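Enquirer: So you can see what is in the structure, the chains are spelled out below.
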Amino acid sequence: MKQNFKLGGSLVAALVLGTVLCGSVSAQTLTMGLRAGPDSIDPHWSTLGSQAEALRHIFDTLVMSDENLGLKPGLATSWKPIDDTTWEFKIREGVKFHDGSELTAEDVKFSIDRIPVVTGPMSMTIYTKQVAEAKVADKYTLHVKTKAPAPTLPNDFIRLFVVSKNVGMEARNEQFNSGKAAIGTGPYKFVSWEPKGDLVLERFDGYWGEKQPWQKVVRKEIPSDPARMAALKSGQVDLVNYVPATDYAAMQKDKSVDTFVADSVYFLNLTPNVKETLPRKVKVDGKEIDANPLRDPKVREAMDLAIDRKTLVRVVLEGLGRPANQLMPASFFGGNKNLPERPYDLAKAKQLLADAGYPKGFEIDFHCTNNRLPGDGAVCEALSQMWARAGLKVNANALNGTVFFPAQQKGEFSLWMSGWGTLTGEASYTYGSLVHTADPQLGLGAFNKQGYSNPEVDKLLEEGARTMDDPKRRALFEKVTEVSMNDRALIPTVQIQTVWAAKKGMLAIPPRVDQETLAYEIKPKS
Amino acid sequence: MIGFLIQRVLQALMVVIAMSIIVFLGVYAIGNPIDVMIDPASDQALREALIQRYGLDLPLYEQYFVFMSNMLHGDLGESFIYRLPVLNLIWSRFPATLELALTAMLIATCLGIPLGLWAGYKPESLSAKAIMAFSVLGFSVPSFWVGLLLIMAFAVELGWFPSGGRGPTTHVLGMNLSITSLEGWSYIILPAFNLALFKLGLLIRLTRAGTAEVMSSDYVRFARAQGLSESKVVGLHVLKNISIPIVTVFGLELGSTLAFAVVTETVFNWPGMGKLIIDSITVLDRPVMVAYLILVVFLFVMINLVVDLVYGQLDPRIRVKAAS
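Protein sequence lines correspond, in order, to chains A and B.
Each step along the first sequence adds one to the number in the working numbering, with nothing skipped, and position 12 is 12.
Each step along the second sequence adds one to the number in the working numbering, with nothing skipped, and position 286 is 1286.
So here's chain B without its partners, still in its complex pose (with noise of 0.2 Å):
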């Protein structure tokens, strides 16, 4: 278990360092900063004193060796544009990004995974049809267009929801929530509905077909024979059987909820960290977007670590095979 969490760590020092190179070799190609952000009145001695200030006269490979080795000190840098800390900027983002990602994930869960047992244990019926085609629309309809759509109905037309923003929030565990009122969950709500609108689709998918596929073998049949109420099949022996590709799945979509969110996040204007980061990329931040990068490898690492684990839980022979 040990060499497998160091093969690990290892292999996540490699991509953060390779995704840092690339971040730096393709803002560098797009230009300086400076000339994004700089005043019209401004000068060109006031310009040359500003690309010094932030080290961008440097070659790309000094900046890059700073950067790194303030890195290594824990120092991620400071924004250009605010000149906060990177690390405490995307931090007070985070609360917000997270809470709708889980709110997203928990909306495909509850709904996903049901849905698609229904729809694998009765593949004939018309309601099994109508999931199916509903899952189809979940992920072939591009996001933002269903995001203006919920918008338009819900709360410019209906009236129910607010049209976007996050509403008032309370103090827990160091984070700043809106789920702890009834209010923020207006807020919350349509967001966490769109985001969650591509996930319920492949969960769907993902359960039917493994349903229809496990529903046929030997050990359904014979729990049935041994006299098994048809629940306890389905809730019990089928949707552990078939858990292994869902847990994946799982875990790499709420990684990548996580972390692009960006969308979801735009249309709504809810100021998690993925409009944190299109705001940075339009004003060329490059602290933030190299940091922002690197956290999204990390976290990645760290649910493909979890999700590894999860597997020997749920299904022995892969911590045989691990052990050996």
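Here chain A stands alone, though its shape is the one from the complex (with noise of 0.2 Å):
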């Protein structure tokens, strides 16, 4: 008896040990399978979220964001106007690059300047062109003049990555790529890299922030759906990102995963065409008519009505979004939470459609992508059954991204859908692109293709872009929302919630508005 004991405990003293040597093993490393990975090692190169999301790891930024893109210090403690065109940041001290050297204010001017020489085909300009001159104040202050009021610099500079100025001004693609040029301060250190390949990382222990669990860090790109579902289930990767809804709803049953969801900013939104003209002309009674209906605010606002957003995110989304009433979260800079939920109302929208003439409805093509945003296709196709409970027949035509956005730059389109995200968090960086009137000299309305103008709102965007106090901005901004949404300038759907899932019990996954998927922010379940 007293032996069958000791053997017993043996037993599970080897168990106990076991799985803790197990876990302390896995625990050392952490393999990512995730949808898209970086273009280049070098940060400068290209805008592109996947990229960013990726050297995160490596080079950190002068301002960092949280979860929900609110900012916080990063490589800079602080940050204030001190005229209308000069920031101050203050940067922080005892900062290490992974050579050793330290961080000090050359290094962020170094990295400001080299931007315009080296960046690629998603241009990195967009975060400095509002830069005149970055100037070093002292060893940690950096002084950036800027060419007119610049409110939103600190936004910008959330993608600001700081290379040491060690590496050059010569280096490009090829030096970063080996990882002779890729020393930043993040907390990981690069050590091997193949495009579309894994990028492997490993622990910097002068790091200056949070010391990090994970010893190496291996992030495999698997951009097809089924493949990266696989490699969580055969247990080759720990974690997973962009699960699609269909998988989603056969894991939440499985007991070997653990799933995450979290709102996303990106919001699907409807585009009417309010040109004199359509390109693509209505049909009433099937022959084309010359006028084009969606410039009247009655058949918007029909079609707005049409819309069950509730069934959109139950249904077809399988739960996985939310009901949206305007371009991006209302928790945003310049989201208005005074707006009230879009109704659904068909009544009420047949009867505004008779009203602006068109009893019987019309017929128009709607277009819309099928590749970019989870569910995409199936809400397109969902709101043409939607519209035509209301009368109208509406032919949708899915198209692969690669196709959808060259036409519809070209102004191809009648009524689109596409989606958006607002990655700075304020509002400037998407109602100035999509509501405002198309202005090249200003530099706004760059994606406005429907035509829309509307005089009060361009004056409250440009009085927002050179008001440097935030509470007044903030109320500037919450008016455009407000008159923009009221007028149907864009009709937005739904926002879209991203879902993670991770071997069972093993991890913490702290769920970003922006998708981003950090090793540095995900810990060992303990």
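Check before you lean on any hint, since a few could be wrong.
In silico lysine to aspartate or glutamate, DMTMM-like type, Cα no more than 20 Å apart, as pairs [stated by the list, open to error]:
#: 1; chain 1: A; residue 1: 147; chain 2: B; residue 2: 1043
#: 2; chain 1: A; residue 1: 410; chain 2: B; residue 2: 1279
#: 3; chain 1: A; residue 1: 504; chain 2: B; residue 2: 1035
#: 4; chain 1: A; residue 1: 410; chain 2: B; residue 2: 1078
#: 5; chain 1: A; residue 1: 503; chain 2: B; residue 2: 1157
#: 6; chain 1: A; residue 1: 504; chain 2: A; residue 2: 521
#: 7; chain 1: A; residue 1: 216; chain 2: A; residue 2: 99
#: 8; chain 1: A; residue 1: 287; chain 2: A; residue 2: 365
#: 9; chain 1: A; residue 1: 90; chain 2: A; residue 2: 113
#: 10; chain 1: A; residue 1: 410; chain 2: B; residue 2: 1157
#: 11; chain 1: A; residue 1: 216; chain 2: A; residue 2: 521
#: 12; chain 1: A; residue 1: 255; chain 2: B; residue 2: 1157
#: 13; chain 1: A; residue 1: 350; chain 2: A; residue 2: 439
#: 14; chain 1: A; residue 1: 129; chain 2: B; residue 2: 1043
#: 15; chain 1: A; residue 1: 129; chain 2: B; residue 2: 1048
#: 16; chain 1: A; residue 1: 129; chain 2: B; residue 2: 1157
#: 17; chain 1: A; residue 1: 165; chain 2: A; residue 2: 93
#: 18; chain 1: A; residue 1: 196; chain 2: A; residue 2: 174
#: 19; chain 1: A; residue 1: 129; chain 2: A; residue 2: 463
#: 20; chain 1: A; residue 1: 459; chain 2: B; residue 2: 1043
#: 21; chain 1: A; residue 1: 80; chain 2: A; residue 2: 521
#: 22; chain 1: A; residue 1: 449; chain 2: B; residue 2: 1039
#: 23; chain 1: A; residue 1: 449; chain 2: B; residue 2: 1078
#: 24; chain 1: A; residue 1: 72; chain 2: A; residue 2: 210
#: 25; chain 1: A; residue 1: 196; chain 2: B; residue 2: 1279
#: 26; chain 1: A; residue 1: 253; chain 2: B; residue 2: 1039
#: 27; chain 1: A; residue 1: 196; chain 2: B; residue 2: 1043
#: 28; chain 1: A; residue 1: 449; chain 2: B; residue 2: 1048
#: 29; chain 1: A; residue 1: 80; chain 2: A; residue 2: 470
#: 30; chain 1: A; residue 1: 360; chain 2: A; residue 2: 285
#: 31; chain 1: A; residue 1: 96; chain 2: A; residue 2: 258
#: 32; chain 1: A; residue 1: 393; chain 2: A; residue 2: 285
#: 33; chain 1: A; residue 1: 449; chain 2: B; residue 2: 1035
Treat the hints as calculated values from the structure; they're not laboratory data.
These figures come from a predicted structure and were not determined experimentally.
Both chains come to you apart, so use the hints to assemble them.
Expert: Here is the structure:
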């Protein structure tokens, strides 16, 4: 009997030890299966979201953002405007680069100056276009002169990756991709990378921030959804991002995985073309007409009222979304918390259409993407059915983004739906591009292809762009949101949610609204 | 022989030119790559500047001539996305596709020819019927679906093989290969089998048809009458006489496997050329698309050339014809 106890005891001990050992071994390496990766290890190469997401591990930014895109100190501990066109940034002291050198204001200046020299197809200069000159005031103080008052400069600097000035102005993609020039101050050091392949990182013990639990991080790029899910289920990776809605339904019943859901910054918005004539004409009783019914606010309102947003979320998106009443979360800077939820009222929609002179509705072509955001194609089809109930004949065309975006840019669509994410967390980014009158001189309305133009909105946006006082600017943008949404310049439908999945009980993933998956924010579950 | 080679090279050039025009027209019709790549925060001035920098504001024929004159200097251009020379980019993916395609061809040949011989030799047997049923499955079931099933069964449920990706590689002869290690093989086996399936079905049916036809011919009867053993009859006379169509199909299939392993590479996340071309198409990375297709044309021409040369070895009558 005693013998048995002993045997049992040692067995238990062995089991416990084994679990502990396995646990600690796996806790050293974090393997992530992610949908997209960087195009280069040069952090000044591209503005792509997946590029920033990957390179944040190696390089720090001057200003950082929390999980809701609020600004927080990064390599700059504080910032304030010292006059209308100068921002002062205090640089964090005692920060070490991976090569052991110390971070100073010179490195930050070098990074700002370097961006226009090296930038690639998705130009990073959008983050420095307001900068006239960066001046080193002292070792830890940087003065940034701007061309005009630039209240959003700290928001732009969320993407200002700081590289060591020691890499020199000549270093290009090759030097970064090989790791020679990939010297940052981030929590992880570069080990290896191949385009569209694995990015391997190693913990940097001299990191200025919190000590990291992972000795090694492997970032595997697996763009195909089924392949990524299979990699998680077969244990090849510890976590995956962008779980499709259909897999999410199954995973909730699966005992071997944990799922994590978060609101994203991405909204699916309808855009009615309100120009004099439509590129694809509307048909009434099978005959093309020259008038553009979408110019009539009643018609736009009718189309809005005919959308059952709750059903879109519950049925089409499997619950992974929220009904939207503006183009970004109301909690963002300039979002309007007083706007009501958009009602679903079919009777009123029909009435409005009749009032506008279309008692029997009309026929219109409707375009959207089918591969940019989860559920975009499905929402598109559901919408055309919802409008059918209001008496409209809507021909939905779900296109690949490769075909959709060039055609949209050329102004070939009458009515379209596409995704938009307010990645800077404030209103001028979205409303300045989408609802301001298209004005190349001012650089505003670059994505306003629908011809919407409201002098009141334009005035408010332009005033906001030069108002340094935060509360005042916030009030101006809130007004922009209210006016343009009531005008139905664009019609928001749903806010998309993102899903991550990980092996059961292993990880704690704090969900981020910008959908980024950052190893240094992921902790082993204890 | 020299005349034959020159004729082939000229043919290849014509196809390359035609191909590059078609691709240019196609991408131009879809639209401006900048519109797919551009960041929403950018303004009109930035868009114009980018379009100019990439030469996309020029008329199509000028863009085409710039590209062609660069190509004549051996420069296929730089990727819009990576700003790396396209040739280097494609070459860095080539070993992965090559070893996948060769492994698949090996599986298809080593299984397909014996199975096909058997099915043609004993057409009435139950085993032959089973082989034929399998061959029909091999080329009628879509390969992405089989791929997903293979992953579900052998990676997710049984856990025998990894579900995708390419394992550790070693540097051999200037290429990174994974077939040098056991772990590397565990990564290649599922995608290679998936890729082999179609060719396997094809080779089985081809070999069987040939065998069935040849078995009733005079020289097989004479060979038997000579007292040759059955294995000699089948292995020597039959196999040699049915080998011409097999070599043709093998050559063409090797070419198409190398060039278009797209589906398998996507399903298994295999970092080869097929995945590169799909990734490039989704962002309209024109230099990569054009260069890739031109290389594919070149590859096919080369393979056909080799196939023709092998014919000569297999059947002296063809050699005589070519010489005359």
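Enquirer: Okay, which hints does this one fail, numbers in order?
Expert: 2, 3, 4, 10, 13, 16, 21, 23, 26, 27 and 31
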